[in-house]
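**Q** In case you want the letters, here they are:
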Amino acid sequence: MRTKNMETGEDDLCKNNWGSASILDYEMAREDEEEEPNLHVFKASSSCQDNNNNGGQASVDFLQGVKAQAWDPRTMLCNLSFMEHKIHELQGLVHLILGRNGQLQDEQRQLVTADLTSIIIQLISTAGSLLPSVKHHNMSTTAPGSAFHEMKNEDDAEEGENLPPGSYEIKQLEKEEILAPHTNFCTICGKGFKRDANLRMHMRGHGDEYKTPAALAKPTKETVPGSEQMLVKRYSCPFPGCKRNKDHKKFQPLKTILCVKNHYKRTHCDKSFTCSRCHTKKFSVIADLKTHEKHCGKNKWLCSCGTTFSRKDKLFGHIALFQGHTPAIPLEETKPSAAASSQRGSSGCGNNNNNAGMVSFNLGSATNANQETSQPCFMDGKISFEESFSPLSSDTCNFGGFPRSIFDDSFQMLISSACGCSPINGGDGSVSDTSV
Amino acid sequence: MPLSPSILSVLSEDLLVRVYGFLDPPCRKKWRLVSKEFHRVDSLSRTSIRILRVEFLPALLSNYPHLSSLDLSVCPKLDDDAVLRLASYGAVSIKSLNLSRATALRARGLETLARLCRGLERVDVSHCWGFGDREAAALSVAAGLREVRMDKCLSLSDVGLARIVLGCSNLSKISLKWCMEISDLGIDLLCKKCKDLKSLDVSYLKITNESIRSIALLPKLEVLEMVNCPLVDDDGLQYLENGCPSLQEVSLSFLHNIKALKHLKTLWIDGARVSDSSLLTLSSSCRSLTDIGVSKCVGVTDIGVVGLARNCINLKTLNLACCGFVTDAAISAVAQSCRNLETLKLESCHMITEKGLQSLGCYSKHLQELDLTDCYGVNDRGLEYISKCSNLLRLKLGLCTNISDKGMFHIGSKCSKLLELDLYRCGGFGDDGLAAISRGCKSLNRLIISYCGELTDTGVEQIRQLEHLSHLELRGLKNITGAGLAAVACGCKKLDYLDLKKCENIDDSGFWALAYFARNLRQINLCYCSVSDTALCMLMSNLSRVQDVDLVNLNRVTVEGSEFALRACCNRLKKLKLFAPLRFLLSSELLEMLHARGCRIRWD
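Chains as they are written, first to last, in our numbering: chain U, 335 to 770; chain S, 116 to 719.
Isolated chain U, as found in the complex (with noise of 0.2 Å):
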């Protein structure tokens, strides 16, 4: 009954446009979880009883204004009350029902449900007002998987994020925390730790105590929203004059310690990881080096144009588009087998030109007799030859001058003089066959 009608308030939430539907399901969820403990809280904190118990109409108003306004700790205490006051109201229904042992007539009940999902709903409402505040105060302790997605819209959160100047407490690293290789550090060994969850990790090794789930939870988890830190909080980069200096005119923050490092190393370092296939792309930061290694040499469709592409499709695309460009053919594909075999037809010609009169043949040179496993190496050795491959040197292979053709002439005319019997058919003729 509960769960299904946080989800019609949550509908509600989402009319109002507040912030993101996935972020709101997360804290949905979680108030559900703490819905009791939450409770007992309110009811503590009965101090201001306002007039706002004026229905949901009026508390879906007050929202609206919530997102325009800034963060007021009074106007959330009043939310609260009135949110303890509700809980009272429902908590009244609630033993009315059990007095009576579940034992209502259905018009009765129905009156029940119905205020009971009145009173629910304004109640979440109520509760969403405290949302934004949540929100906020969720970014600044934000967890490392989030602060990675964050990392990666850095560029755009400049868009996205327009916060007043006033409305966020700036930090600025020093150039060597920035640099620094470890953020967090085991206070027993000392040992550094890029994340805090590694370190927990770690901590596990030093003792039991370090091993229970409170122990090993996420920092965050522990605080209260909205309890101690009010303001978010932004980075500001240490290099002076850049944009992201909060000196700079156009100061744009950065949102995370992870933005801020990236952004120093990528802007303001050298570039000193460079890659290993292609050896001209350099990066400063060994993530984005490992991305370009992932890509670098697969571009290998390139156009005559000059631009490559790491996909056949997009090269073809290119080339539907655009007149007079095609597809260039890489010269290591082809090449070598034309090449190879003239190559070799000129090597057995070197090696055969010695003993051309007397036929001698190696047989069973069972080494060399598996030449079509063996050729792919030969190929290989001979790509430094075809590149100087020229019409001028290739007339030097022709396979014209290979002692066998001579071999073979000599051979026929041998056995043709031999037996003293001349071919009726001329068949050897130039024009062979007539076909007109």
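Treat the hints as calculated values from the structure; they're not laboratory data. Just so you know, even glycine gets a beta-carbon here, dropped at the ideal spot from N, CA and C. Any given hint might turn out to be false.
To be verified - So, partial list: chain U residues that the calculated Cβ filter (under 8 Å) puts toward chain S: (1) K646; (2) F650; (3) T660.
As the list claims (entries may be wrong) - In silico SDA-like cross-links for lysine to any residue, where the CA-CA straight-line distance does not exceed 20 Å: (4) S/K310 - U/A654; (5) S/K307 - U/F527; (6) U/K599 - U/F527.
Here the structure of chain U is known, so what remains is to put chain S in place on it, guided by the hints.
**A** Showing chain S alone in chain U's frame:
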């Protein structure tokens, strides 16, 4: 010979040219020997030439100034260097170039040729299995190309196709059969850039419906062959139906429903899952069909075929091979309603008997080709009926064991135009039957009498009367000896293909005769023959046209003998079948040389 100077005054040169135009090729040979004038007419009128020795090409080109078609497919010595030497003689005006199986040619030579032949429009590089993108790029130099055949250019990929497509935008016909590397991308680009395409063959390619969608956008496409494209299905055909306004000929391997293609004239759906009902709907919507193939469509029965025959009266070609449920009734219906029938293939239609053949003999006077392979219902009486189809050019009777000499007499006496006769494993007839065929069917150029066990030398010697014979299969004829083969070799000078597998009793005298007389032999199968070392060397060195040799299980041939024989012909071989252990016994130089010349060796 007293040549009257009046012959030119009576018949002017252009009249002579017209007379010459009516002659068939053998007569033209004699014509040019008559006189200088006649020879001049011959050399002026000659437009196509097929040559064996590329060395003579320059001289021939100057002799025949109007040559437009050049066939180099039988040139064994054609390679890059030969072409480069040709290039020094300057450009030629060849429009059509046949380079099929020119496996020794590579990109460099091909590019030279493409530049040499200005105005090249047609080129055939089919079965050049080594050809790839580089060769395609070389071809694309000839910007005026209209027709390209690239069947079985195994390394051709989308990139090479793109080069051709972009280089020759006027393409109207392209065949990419068995170019296994081609994908949707290449076909898509082809269809985008070559809007004039009229004929496209994409058989056996791994293309999907996406390609068909692109193909369907071709406004002028008339012929589409897409046999055995396993990734194309009915959804792809849907595109075809909605596009391609001028499609006239389709070859498919499957069929669901084609209704929209009303002007379709040719449809090959061999091996498709076609039922009678879909054949009926098809024939009722595509009434102008002239050629249809439904071979291996198991679902087709009499009902479908009768319906087809009634709807498509103009049918000329009907292929019902392996449609086992088709009976005489269907054949009679086809014969009666489709009077223009020219080709009928009934291979493995076991229910066909002389009754069906009787109606064929009565009505199908235009029948030119009849395939009755493996129809064991066919007997002598059936052949008597068939012989009434006097225009028959091709007759296949393989595995028809109920045929005897009597049936052969009928065929031999009446079917004098026969060009092709297949009698594979027809054990029922003997020497007399073969003699009757040899006497009667003088124009036969293709004869298959493999495994006709009754035949002996007396019969086979009769074959020598067939002067035009170019394809002869004598496989498994144990009774023939050297004398028989010698007679054949002597008489059939045009012999091009000879299969002597398992003719174990032929001795060297036969092979010596072959080596001297059968100089046009291009393909020979000598497996299991008792040929000796010397005879093999003789054969291989003397037969200067031989390109495809099968030399497996030659008991009397030594390793040295094979080596010598192969060395004698290694620069003209294109295809070779050898005993597998020889791979390690033949010299590596020889194997390398063969490979470099583009010879494909199958080790058996």
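**Q** With reference to the structure, classify each hint as holding or not holding.
**A** The hints, checked one at a time:
no.	hint	result
1	K646	6 Å, holds
2	F650	5 Å, holds
3	T660	5 Å, holds
4	S/K310 - U/A654	13 Å, holds
5	S/K307 - U/F527	57 Å, violated
6	U/K599 - U/F527	19 Å, holds
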